[in-house]
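S.K.: Chain by chain, the residues run as shown.
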Amino acid sequence: MGDLNVKKVILEIISIVAPDADLSDVKTDVRLRDQLEMDSMDFLDIVMELRKRYKIEVPKEDYQMLASLDSCVEYLAPKFAALSPA
Amino acid sequence: MHYDAIIIGASMSGLAAGIRLAYFDKRVLILERHYAYGGLNSYYRQDGHEFDVGLHAVTNFCDPNDRSAPLSKLLRQLRLTREDFDLRPQSYSQIKFPGIALNFSNDFALLEEQVARQFPKSADNFRKFVEDLREFNDTDLSKPYASARKTLQDRLDDPLLIEMLLCPIMYYGSAEPHDMDFTQFVTMFKSLFLEGFGRPPEGVRKIIKALVKKYRAVGGQIKMKSGVAKINIDADRMRGVTLDTGETLTADNIFSSAGYVETMALCGDKAKQPPPEETGAVSFVESIAVLDTKPKELGHDATIVFFNNAKTFTYAPPKELVDLTSGVVCSPNNYQDHDRLPNGIFRVTWLASPSAWSKLSESAYKDATAQCNEHVLKTLNSYIPSGTERLVCTDMFTPRTIERYTGHRNGAVYGSPTKRRDGCTPIKNLYICGTDQGFLGIVGAMLSGITVANLHVLSKA
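Chains as they are written, first to last, in my numbering: chain A, 1 to 86; chain B, 1 to 461.
Next comes chain B alone, as it looks inside the complex (with noise of 0.2 Å):
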C-alpha cells in the first residue's frame, strides 16, 4: 500500500501532522505500537480509577480574543474549537524553596507582584527583562543555541530568583540537565506565567479523544498495535516502512515521534547513528495517591507546587534512582469546574535515574516503586497532615513504565537534549515531530506536528 504520508506514532503530534495532510485530502496512516493513543501524554484506567499520564497542565492557557496565542493558532489550524478541549485554568499554583515561595497563576500581575515583594532589589529588573521576553520572537526556527542559566545571571542578579524561575521551567520540558536553550526557556516562561494552566474536567483523554476523533473525520486511517520495525531507506531517500508483521507500506512521506535517536535507529546501518549523548536522560518517577475527598476539603488548595528542599536546586539525573530534593505536585481537583472528578488526585514527580532503573532486578524494581508510594504518603502528610487517612490507592510509574509504554529510551519524556526544530533528518521525506523538536508541552506537541506537515509537504505542493 502507497500513501503520502505516513505518521510513526499516535501521540499528539503525529495526530496534529495528521490532521493536516488528511484535512488537505492527502492518504495518511498513523501506526501505533501501542494499543493507546497519546504517546507521552496518555492515559489509563486502573481499579476502576482515571489516570492521566504526563499532563500536570496544559499551558499556554489563553483568552478567547487573543488570536496571536499559540493555543488559538493550533485550534484554527486543526478546524477545532476550544469546547474540544475543554480547558478550565487553574486555581493559582506556587514555586516552594526553603523560606521562600512565589505564588503565580492565569494573571502574570500575581508572580510580578510576589517578585516585588520577595525581592524587591530585583523587581525592576525582573519587569525589563519580561518585557523583553515579550517581544522575543521563540517561534524563529532557526535561532542558535544560548545558555537560559547564563542569559538569567546577566539580566536578573539574585541567584535565587533565577533557581525560582529555573525549577518550574526546567521540570515542565528541559531535556537537558542542569541548563536548557534561551529560546525554549522564553517559549516555557511564556507558556507557563504570561500564559498560564488550564485542564480538561476529564483529563487529557479528552484532548486525545477530539484529535483521534478530528483525524478518523477528515479521513485519517490508523492502525493501532502495529510496530515499524524498520524504516526502509534507499541511498538517502526513505522509502517506507517495514512492521513487525513483516508487511511493508511505502510512503513519499515520513513523520515520526518516536524520538531523533529511536527513528535513526530504525533505519538501520544505512544511516549514520547520531552519537550516544543525543540520548535523553533526563527522567521522573510520579506517584499517584487517591484520596476519598478533595485535597481542598483538607485544607490545600493550590493546583501545582514546584518544590525545591535543598540549599540549591539541581535539576539533573540523580545518582540513586530517585531525587527526593525537588519535585512537582499536582492536584488535578484544584483546576476550576472540577468537582466532578470522583475522587481527590495528589501526585507527586521527582527526577529519576533512567540507568538506576533499568538495572534493577524484577524483585528490586517492586521494592523501590513501594517506596516511592511511601515517599508520596510522607509528602501527602507535608502537604494534608489528614491526607493519609483519606487515601484509596496509589499507582506510580517510573522511567521504565515510560519507555517500555512509548518506545522513548532511557523513559526520557523531554527527548533529547538536542532539539532539531524544523523536523529534518539527514534522510530525505523522513522528518521528526514532538518532543524532539523542542516545541513544550501539550500545545507545543500539537504545534510541532502541524509545523512539520506545513513545511515539508503542504507549502510545497
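Next comes chain A alone, as it looks inside the complex (with noise of 0.2 Å):
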C-alpha cells in the first residue's frame, strides 16, 4: 500500500472515530491530538480500529508513533506493505 493510500485508510479511520471532526483540512505534521480534539480514548480506537480491519496490532509503546499523519504513515507504510505483498 502506498503513503498516499495509508494517509486514506488513516483519515477512514479518525471519521469512524471521531465523526464529528473536521477533515477537511488536516495537516499532516501537525499533531492530531491538537487539530482535533482528540484525546486518549480516540487513540485507543484508532489503534482498535487498525486491528479489527486490517488485523494490524500497534504495541502500547508505540501508540506515540500515531500522534501525525506523516508519522502515522512513516509507522503503519512498513506494517501494511507486510500485509499485502503485490
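Everything labelled a hint here was simulated from the structure, so no lab data went into it.
Where hints are given, some of them may not hold.
[Unchecked claim] To spell it out: a stretch of chain B is covered by chain A in this simulated footprint if at least three of its residues, at any positions, have a beta carbon under 8 Å from a beta carbon of chain A; those stretches are:
#1 67–73
#2 76–87
#3 445–459
[To be verified] Only pairs whose alpha carbons sit at most 30 Å apart, straight line, appear in this in silico DSSO-like list of lysine-lysine:
#4 B/K214 / A/K7
#5 B/K460 / A/K7
#6 A/K60 / B/K460
#7 A/K55 / B/K460
#8 B/K460 / A/K79
#9 B/K206 / B/K296
#10 B/K209 / A/K52
#11 B/K428 / A/K60
#12 B/K223 / A/K52
#13 B/K428 / A/K55
#14 A/K52 / B/K214
#15 B/K206 / A/K52
[Stated by the list, open to error] FRET-style restraints, in silico, Cβ to Cβ:
#16 A/E37 / B/K460: 23 to 33 Å
#17 A/D62 / B/K121: 49 to 59 Å
#18 A/S15 / B/K311: 52 to 62 Å
#19 B/K460 / A/P78: 16 to 26 Å
#20 B/N137 / A/R31: 17 to 27 Å
#21 A/S71 / B/P276: 48 to 58 Å
#22 A/G2 / B/K209: 40 to 50 Å
#23 B/L455 / A/P19: 15 to 25 Å
#24 B/K209 / A/A77: 39 to 49 Å
#25 B/C393 / A/S15: 40 to 50 Å
Idealized CB from N, CA, C, for every residue including glycine.
Take the two lone chains, each set in its own frame, and fit them into one complex as the hints suggest.
M.R.: Printed below as a string of C-alpha cells:
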C-alpha cells in the first residue's frame, strides 16, 4: 500500500472514531490531538480499528508513532506493506 | 459455553461495556435477571401511561460542537449519534429554599447572575471557585476522598449558598448521607450547572433502546430473565457463573453492574465480604401524578425544582418512612419540544428510609404508598393550585420496588458510599461497572461501562 493510501486509511478510521471531527483540512505534520481535539480514548480507538479492520497490532509503547498523519504513514506503511505483498 | 466477557445486568453501564467489547469482536453475553432493560434507569407502562424510573434529566447536556464534553465522548465511543438519544434542553430549573430561590438553565450565566443578585457578598468567591472547578480534573481515577462540604466551607463563606448548591448535587448523585466526595461534587457541578439538563421526548426508553439496538447490531448477545445465582471463584480468580437455572457458563472477564456489595455476595464465602457500612442506605420514594393537561398550561413552567422547606437542609435517610422537608419536583413536559407527551406529568421525589420500608407488612405497605400519593397531591396543589382537579391517576415507587427490580440492596439508587473508580475487585478478572464506580448520572453510567471495557480488556490485548 502506498503512502497516499495509508493516509486515506487513517483518515477513514478517524472519521469512524470521531465522526464529529472536521477532516477537510488536516495538516499532515501537526499532532492530530492538537488539531482535532482527540483524546486518549480516541487514540485507543484508532489502534483498535487498525486491529479490527486490518489485523495490524500497535503495541502501547508505539502509540506515540500515531501522533501526526506523517508519523502514522511512516510507522504504518511497512506494516500495511507486510500485509499485502502485491 | 465460554465467553470473552460476561456482563451482569442489562443496565446502561452494562450495555455500554457490551457495545465496546462486542464492536471490537469480543464474544460477549449480557445476563439480566429481569424482563426489562435499563437497571436503575428503566421504564414501564401502567394503565396505558408511560413512566420512567430514575431519569428526571440527562445531565451533561452540551453543545454538539463541544467535542471534549462527556456526552460527545461517549457518543463517539459507542459509535452513536446525537439523534440516537434525541435530547431536548430544559426550560429552566430552580433551587428553592425558604424565602429564596436560585434559577439555572443550560446557560451558566443565569446561575452566575442569580448568585450575584441573591448573594452579592459571595459573588466574587463563587466566580473564582467556578473557574477552579472548570480546571479541576475530575476524571483522574486516583484522586483521594475529600469532603465536599468542607471544601465548600473553605471556598464560599455563605452557609446558605453552600446548602443551596449541595441540594441538587446531592439529590442527583450522593450515596453518602450529609456529605459527598469533592471529586464527585465537581463532576456533578459540571454536569448539572456548567453543562445542563436534557431529555428525549420519548423518555429514557429512547436511550435504552438505542443501546440495545447497537449492542445487538455489533454482535452482542443478551439473555433476559437469566439471573446469576453465583459467580464461580477458584482461589483469587473468577472462572464463570452459575445461573438460577443451574446452567454454568465460563468467561475470561466478568463486568458486574449489580453493585459492589451485591457482586461480592454472589462470589460466596470464598471471597472476602465487604463490611456492612459499604451497603448504600440512601434511597427515595417517588410519587407521580398524571394530569390531563400540561403543567405549563396551569402556570408551572420549571423543568426541575429542588426544594427544601426546613431551616436546615438534611440529606440523609430519615427515621420515618419519608422525609417530606426536601425533595425534587420534575415536570418532563417542561423540556423543549415535549408537546407530543400525551399527558401532563408531575413527579415528586423524597428521601426515604430503606429499613423503615422493608419492615412494613403488606397491608401497612399499601397504606404507606397511599399516604405518599396524598403527599404528591398536596405538593401538586402547592405548585399548581388547580392541578388536582386535572388528575388522571397516580403511581409511585419505593425503596422496596427498586430493590425488587434491580437487586440493589436497600433500593440504594446511588449504590455504596465507597466508590471503586477503576472497577477493580479483590478477584482477578471480576470487575464492577455502574453506580458503584462513582460515575454519576446517565452519561456517567454509560461512561463507567466504557472505561472498564477499555481499561481491563481493550487496552490490554
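S.K.: Hint compliance check: list the failing hint numbers for this structure, sorted ascending.
M.R.: none
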